[in-house]
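Peer 1: For this one, chain A is given, so just place chain B on it according to the hints.
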Amino acid sequence: MSHEQFELLSNQAVVGCAVFYFAALLAHVAEWAAARTVPVAVPVGVGASGGGDDTEVVEESTAKRDRFARLGVIATVVAAGLHLLAVVTRGLAADPIRVPWGNMYEFTLTATCVVTIGYLLLYRKYSLTWLSPIVTGFVLVILMADALLLYDPVVRLPDALESPWLVIHVIAAIIATGAFTIGGMASALYLVKARWLDRSGEERPQRAGFRGAVAAMFRNYLARLPELTQLDRFAYRVHAFAFPIWTFAALIAGPIWAQAAWGRYWGWDPKEVWAFITWVVYAAYLHARATAGWKGRAAAIIAIIGLATLWFNFVGINFFFGANSQHSYA
Amino acid sequence: MSEGTDTTYGEDRNRAHEVAPLAPREFGRWAWRQLTSMRTALILLFLLALGAVPGSVVPQESVDSLAAARWRDQHETLAPIYEKLGLFSVYDSPWFSAIYILLMISLVGCILPRTKIYLTAMRARPPKTPRNLARLPEYRTFTTEADPEAVLDRARQVLSGYRVDRHEGSVAAERGYLREAGNLLFHVSVVIVLIGFAVGSLFGFRGGVIVVTGGTFANTVSQYDEFDPGTLFDAGGLTPFSFSVTDFDVTFATEGREAGMASDFSAALDYVATPGGETRSARIEVNHPLTIDGTKVFLIGHGYAPDITVRDADGEVVFSGPVVFLPEDTTFRSLGVIKVPDASPQQLGFRGEFYPTAGFSMETGPVTVFPEAKQPLLSLQVFVGDLGLDDGVPQSVYALDTDEMEPVKRADGRDFRVDLSLGELNFTGDPITDTVTLPDGLGSITFNGVEKFVKLQVSRDPVDWLALTGVSLALLGLLGSLFIRPRRVWVAARREQGRTVVEVAGLDRSSGGDLADEIEGLVAQLEDRAHMEDGR
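As they're listed, the protein sequences go chains A and B.
Heads up, the first sequence is in this note's numbering, so the first residue is 1 and it goes up one at a time.
Heads up, the second sequence is in this note's numbering, so the first residue is 331 and it goes up one at a time.
Hints in this document: simulated from the structure, not taken from any laboratory.
Please read these numbers as outputs of a predicted model, since none were measured by experiment.
Accuracy of the hints is not assured; some may be wrong.
What the hints assert, rightly or not - Covered stretches of chain A, going by a simulated chain B footprint (3 or more residues, C-beta under 8 Å): (1) 147-159; (2) 246-254; (3) 270-282; (4) 289-299.
Claimed, not checked - Pairwise CB distance ranges, derived in the manner of DEER restraints: (5) A:Phe-218 / B:Ile-525: 47 to 55 Å; (6) B:His-618 / A:Val-77: 39 to 47 Å; (7) B:Thr-569 / A:Met-1: 48 to 56 Å; (8) B:Glu-658 / A:Phe-218: 51 to 59 Å.
Cβ atoms here follow ideal geometry from the backbone N, Cα and C, with glycine treated the same way.
Isolated chain A, as found in the complex:
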């Protein structure tokens, strides 16, 4: 196949995987809509870290739900395969062939792929059914935005990127970004659930019709989220996995490459500044989790701030301060 054909194939694979992500999202929404209303017991001991069973889960017939859940996961697996194909063919489309991490479009394409694959790998071990609608919806939206707003035709790499460190530095950054994103989702759900638990004692009028049905779906979803302690632990584990990788990408591989390419390890380039800020915020998250008074909710908020700085570094810096940055291509 010629390079042009590979490029076409890559673009088609992106469209294909978007279709499957959409199908997966629909299946997961149906899964939560099919769930019967669970009577929620008044939470016992609602604390930031929430001890014991917060809600009483009533046994119900789950066959319909499980079928939708399985469909959703199968669609996600197909989507992930197409997604990976899109990434690989993107690299094959360049002449000479290269790793597909030369610009924002390619970086986003790969990072979203990492999010999906990470989610699928952890799905069984941590029973991530609750994360499915979030991951599929998120990846779908980001992928669409990527294709519509950031698309760039394949070109060869500029000289500055012709280095083995491209592979090392960027793959580490991409994996860390994907993992932080999954961790951030768990932290965000933690906050949503904690707030919901706080307010669940209040009496609220039952809404009727479609809005009522949507509200009921959200209620069911929130009720079936894992306990706060479990959400917190899952978030922590993913962050603990991502943090050393980010350390390596931003503070070891990056400086070594910068030394070879630009003659300095660290130059306070805007991209470097924000990578450092992200690192500091996640360091604060790890400390907060071990500090009385910061555990739970405060730590989750810090994790989300960290994720915001990470994405801002990727999107904001490129669009607003790109002219000054030596990282203008990424």
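Peer 2: Structure of chain B alone, referenced to chain A:
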């Protein structure tokens, strides 16, 4: 002092009423405790993150001094305020330093006592089996026919990787002693990194120089265009090498969607490591610097230097040589100035653009259609008067000070422009030649050809390995502190009504462990073996 100080201190103060309310020793102890608390460390971390932000928004003196100067010109009211706040050099500013020095002190204040505690804890035996195991977070119990002693012996075998103590009727085990070591290593390494940076910036230097192909460079301070030494850098300690740039190659893609993209930059250098030494050749490329005796030479940019000759009215050469024009964008439209102090009757100055491959339309005027110098065009404005070179104020070679100069006018009163090409470009009907005679008997200017220049960065960091070693150790420590899971496990077995009751309990001492699985596994193994024993 605020009312919110902690209670123990408050009691001390009440007891010691006759002592001054702010007894220095007590205040010191209070301040130290506050500073080294985790809460303070967290706040300092946030301040550090926040403090780093302005440096990415405001152009930094040390990163891009040209951008910083431009910003100052554009914001006349804000610039002095920003200057006072140190916003043009955030990372050297007193307030930023204050944050990270406080953080360092906080860090050391955290490391020292923890190291002391760890040194004892490291050798400690697992704590004795608690009386009531059922109260621990993880607890299982089962009964078996096997002898209690045999069960405990097996537990001891199964708990490999644990530090195990055998007690009367029970086994106490603990593992994960290295977690705290990893934690301490990480924090010590952060200090090493900061020391590495500090030493490097004190004793190292970084310089930039532009060399036209064919030109030479000797490693002395005066030869640099910009030179940024560390505070304790000894200029006499510069490695006495010299080199000449013999050639510079760059390939521009000529077709397809990559057309105009530059690649495969490489510069050939002939260098002499020490005066009188042998000449060696080397090629440097982006990502492949040349190291001479610990000093590194990097290729970081390139551009064009048109070769110009200026003659006076009598035909005497008053200026000749290549002049560096700095590229403005990826099309290599470049800006530059030519200063001719020896011109007569008055000094001459030229300022204008260089187009490597020129195109022209009535709407846009001259433009670059391709970055390679295939059809070069120089378009210059001419000034006459005093260049201001004798004022004693150092001037940039890339800027023309026109305060004491007048633009040269044409007969119709419009500015006189000099357009020069190497061939006979012809855009508007007037052919553009390589020589133009200036009006009013000012002489003539000739465009002889185009040379290339390379922008090189020369730098030396005597301890660059220190910061990197520090970061690598930090990563190692980090992995240890995140993934080593310290936990305690106890197994107790006692005889009760003819059967052996086995109790297994565990305590996870990290914040992310899943002890339940491990205890299940341990129970399964004990039961399994116990059953095998039963069957025998």
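Peer 1: Residue count check for the region 147-159 of chain A against chain B: does it reach three with CB-CB under 8 Å?
Peer 2: holds (count 5)
Peer 1: In this structure, is the beta-carbon distance linking Phe-218 (chain A) and Ile-525 (chain B) contained in 47 to 55 Å?
Peer 2: 53 Å, holds
Peer 1: Is the coverage entry for the region 246-254 of chain A by chain B consistent with the three-residue Cβ rule at 8 Å?
Peer 2: holds (count 4)
Peer 1: Between His-618 (chain B) and Val-77 (chain A), does the C-beta distance stay in 39 to 47 Å?
Peer 2: With Cβ atoms ~43 Å apart, the hint holds.
Peer 1: Could one say that the CB atoms of Glu-658 (chain B) and Phe-218 (chain A) fall in the range 51 to 59 Å?
Peer 2: 55 Å, holds
Peer 1: Holds or violated: the region 289-299 of chain A covered by chain B, criterion of 3 or more residues with Cβ-Cβ distance under 8 Å?
Peer 2: Result for this restraint: holds, n = 5.
Peer 1: Are there at least three residues in the region 270-282 of chain A whose beta carbon sits under 8 Å from a beta carbon of chain B?
Peer 2: n = 7 at 8 Å, threshold three: holds.
Peer 1: For the hint 48 to 56 Å, verify it against the beta carbon of Thr-569 (chain B) and that of Met-1 (chain A).
Peer 2: For Thr-569 (chain B) and Met-1 (chain A) the Cβ distance comes to about 52 Å; the hint holds.
Hint violations for this structure: none, all hints satisfied.
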